[in-house]
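> For the record, the sequence lines run as chains U and Z. In terms of the numbering used here, the first sequence is residues 1 to 248. In terms of the numbering used here, the second sequence is residues 1 to 261.
Accuracy of the hints is not assured; some may be wrong.
[As the list claims (entries may be wrong)] To give a feel for the contact side, a few chain Z residues facing chain U, derived at Cβ under 7 Å: (1) D70; (2) D82; (3) W92.
[Unchecked claim] Each computed DSSO-like pair below joins lysine-lysine, with the alpha-carbon atoms no more than 30 Å apart: (4) K118(Z) / K106(Z); (5) K245(U) / K118(Z); (6) K68(Z) / K19(U); (7) K191(U) / K13(U); (8) K14(U) / K57(Z); (9) K245(U) / K57(Z); (10) K14(U) / K106(Z); (11) K57(Z) / K13(U); (12) K68(Z) / K13(U); (13) K160(U) / K152(Z); (14) K152(Z) / K68(Z); (15) K13(U) / K131(Z); (16) K14(U) / K68(Z); (17) K152(Z) / K245(U).
Just so you know, the hints here were simulated from the structure itself, not pulled from any lab data. The C-beta atom is built at its ideal place from N, Cα and C for all residues, glycine as well.
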Amino acid sequence: MRVIYILWLREVKKYLRSKTQVVASLGSPIMYLGVLGFGLGPVFQRAGEGSYLQFMAPGVIGMTVLFTSMFSGIALLWDRQFGFLKETLVAPVPRFWIMTGRTLGGATVAMIQGLLIFLISLLAGFRPTSIQTLPVALFVIAMVAVVFAAFGTIIGSSLKDMQGFQLVMNFLVMPIFFLSGALYPLTNLPKVLAVLTRLDPLTYGVDGVRAALIGVTQFGITLDVAALAGVAAVLLAAGAWRFSKIEI
Amino acid sequence: MIRVENLVKRFGEVTAVDDVSFEVHRGEVFAFLGPNGAGKTTTVKMLTTLLRPTSGKIEFDGLDPTVKRDEVRRRFGVVFQDPSLDQDLTAWENMEIHGVLYGVPKRERRERAETLLKLFELWERRDALVKTFSGGMRRRLEIARGLLHTPKVLFLDEPTLGLDPQSRNQMWTHVKSLNEQDQVTVFLTTHYMDEADRVADRIAVIDHGRIVAVGSSQELKERTNTDSLEGAFLALTGTTIRDETASAADTMRQVARMWRR
Numbered sequence: 001m002r003v004i005y006i007l008w009l010r011e012v013k014k015y016l017r018s019k020t021q022v023v024a025s026l027g028s029p030i031m032y033l034g035v036l037g038f039g040l041g042p043v044f045q046r047a048g049e050g051s052y053l054q055f056m057a058p059g060v061i062g063m064t065v066l067f068t069s070m071f072s073g074i075a076l077l078w079d080r081q082f083g084f085l086k087e088t089l090v091a092p093v094p095r096f097w098i099m100t101g102r103t104l105g106g107a108t109v110a111m112i113q114g115l116l117i118f119l120i121s122l123l124a125g126f127r128p129t130s131i132q133t134l135p136v137a138l139f140v141i142a143m144v145a146v147v148f149a150a151f152g153t154i155i156g157s158s159l160k161d162m163q164g165f166q167l168v169m170n171f172l173v174m175p176i177f178f179l180s181g182a183l184y185p186l187t188n189l190p191k192v193l194a195v196l197t198r199l200d201p202l203t204y205g206v207d208g209v210r211a212a213l214i215g216v217t218q219f220g221i222t223l224d225v226a227a228l229a230g231v232a233a234v235l236l237a238a239g240a241w242r243f244s245k246i247e248i
Numbered sequence: 001m002i003r004v005e006n007l008v009k010r011f012g013e014v015t016a017v018d019d020v021s022f023e024v025h026r027g028e029v030f031a032f033l034g035p036n037g038a039g040k041t042t043t044v045k046m047l048t049t050l051l052r053p054t055s056g057k058i059e060f061d062g063l064d065p066t067v068k069r070d071e072v073r074r075r076f077g078v079v080f081q082d083p084s085l086d087q088d089l090t091a092w093e094n095m096e097i098h099g100v101l102y103g104v105p106k107r108e109r110r111e112r113a114e115t116l117l118k119l120f121e122l123w124e125r126r127d128a129l130v131k132t133f134s135g136g137m138r139r140r141l142e143i144a145r146g147l148l149h150t151p152k153v154l155f156l157d158e159p160t161l162g163l164d165p166q167s168r169n170q171m172w173t174h175v176k177s178l179n180e181q182d183q184v185t186v187f188l189t190t191h192y193m194d195e196a197d198r199v200a201d202r203i204a205v206i207d208h209g210r211i212v213a214v215g216s217s218q219e220l221k222e223r224t225n226t227d228s229l230e231g232a233f234l235a236l237t238g239t240t241i242r243d244e245t246a247s248a249a250d251t252m253r254q255v256a257r258m259w260r261r
């Protein structure tokens, strides 16, 4: 327990110390909120869908959590050769604890980032329809964070060099974001897109956050949480397995 | 302390360590000397439970590392070829985490961390982030950290790579005094002959995954009829330059070096 705690604490401490990184990582979500939110607002309104900012703010929160937690996992690759990971891998503790501490730490950091974006979106004019359901939103965000931190761990344990990183960014992280319905409603989509969006775990995360914050949902909060829990279980197990196979 | 019999490690077609046998006695400084790609690091990885041998036997303080992995891990400290400190944490925090990972009780952990940091002349800088440290300071911190859980054996895998002569000199002075005072067995790998000559009680020369000679520096010189260890080394391993194919880790190592400058 102490081992998991201290590895978790390490991730959080490092995050709180890297002020520039915090600011930098908030850059693109703010762009999405500010530029797309206000830029596409009028079109969205005319299409009869209401306020675009209201609609996309949960999506941008989801995006922030996705990016932050994936990165924390992928950072493993660098850490393995030139970082602290080796120190933990020769310690007399089960690898599963190490992976748990790291993943929970990465997920916590992603959650904090998501909350920051939530606060910023409030400043931009986002208005949740209900405050009572805020804990539900937090819970969903936490699940999204765990899902993608575990996913990042799988990738970070499997990649061999930094070149693979670009590949993962372009063919995995970006599609997960664009297919999640963070930026557009999931109704009346072309067949292929409809199927793909439903295979994307982030879809259920964004939908869950929307359900909790603005009362709009495609699948219902129960299905959202169930889907996320299922994916989390699978990815955590796979992450633990990949992590146990790391050779340095 | 360590007994290795007929140790073999194959990666696919390549045999990195080929039927190696040797023994390290309690309290001695034992050096693995060999050119690049000779199998030094692979052997260290097997001794430190990070790689499983393809075949052969290792006995570590009477224990088999493949079976009693965690007990063996508690008995050694290791400084890897590539850095393994957390640069965004302070020296003290790095020590703390190590202590927790090895289950050292809080009071003992703090006391020992203080003693070691003082010994390695890092106490004044304990609250500074590691990324502000020089190469020599980082190495010293890694060694101090590796000793925190009072290991019986300290592994040093090319510990002086990239250090200036002053830092190297200071580092070996510390290691040597620790070895003499606390009876810590030291297992080091290097390709600097002068280092092995200076600190090691016994030297094993390894080449192409095989041990070609074992003995004190004096014995090696006598055996090869040369007057320096360098001469003995070249006589034993030949003068051809080793071309290694670069692995992914090597490529990353180059990038890392560029970034550090």
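> Run every hint past the structure and note whether it holds.
Okay, the hints, checked on the actual structure:
A cut of 7 Å between beta carbons decides the hint on D70(Z): the least distance to chain U is about 4 Å, and the hint holds. Contact between D82(Z) and chain U, as hinted, is supported at the beta carbon level, the nearest pair being about 6 Å apart and thus within 7 Å. Because the smallest distance between the Cβ of W92(Z) and any Cβ of chain U comes to about 12 Å, over 7 Å, the interface hint for this residue is violated. Proposed proximity of K118(Z) and K106(Z) is supported: the alpha carbons are some 18 Å apart, at most 30 Å.
Under the criterion of a C-alpha separation no larger than 30 Å, the hint pairing K245(U) with K118(Z) is inconsistent with the structure, at around 38 Å. Using a Cα cut-off of 30 Å, the hinted pair K68(Z) and K19(U) is violated, with the two alpha carbons roughly 43 Å apart. Straight-line distance between C-alpha atoms of K191(U) and K13(U) comes to about 45 Å, which puts the hinted pair past the 30 Å bound. Note on K14(U) and K57(Z): the hinted pairing is violated, with a Cα-Cα distance of about 41 Å set against a maximum of 30 Å.
Taken as a hint, the K245(U) and K57(Z) pair is honoured in the structure, with Cα atoms around 22 Å apart against an allowance of 30 Å. For the hint linking K14(U) to K106(Z), the alpha-carbon distance of about 22 Å falls within 30 Å, and the restraint holds. Of the supplied pair hints, the one linking K57(Z) and K13(U) is violated, its CA atoms being roughly 42 Å apart against a limit of 30 Å. Taken as a hint, the K68(Z) and K13(U) pair is broken in the structure, with Cα atoms around 34 Å apart against an allowance of 30 Å.
This hinted pair does not check out: K160(U) and K152(Z) have alpha carbons roughly 34 Å apart, beyond 30 Å. Simply put, K152(Z) and K68(Z) have alpha-carbon atoms about 16 Å apart, close enough for the 30 Å limit, and the pair holds. Between K13(U) and K131(Z) the alpha-carbon distance is near 15 Å, which keeps this suggested pair within the 30 Å criterion. About 34 Å separates the Cα atoms of K14(U) and K68(Z), which puts this hinted pair outside 30 Å; it is violated.
Between K152(Z) and K245(U) the CA atoms are separated by roughly 28 Å; this keeps the pair inside 30 Å, and the hint holds.
Against the hints set out earlier in the document, violations occur for numbers 3, 5, 6, 7, 8, 11, 12, 13 and 16.
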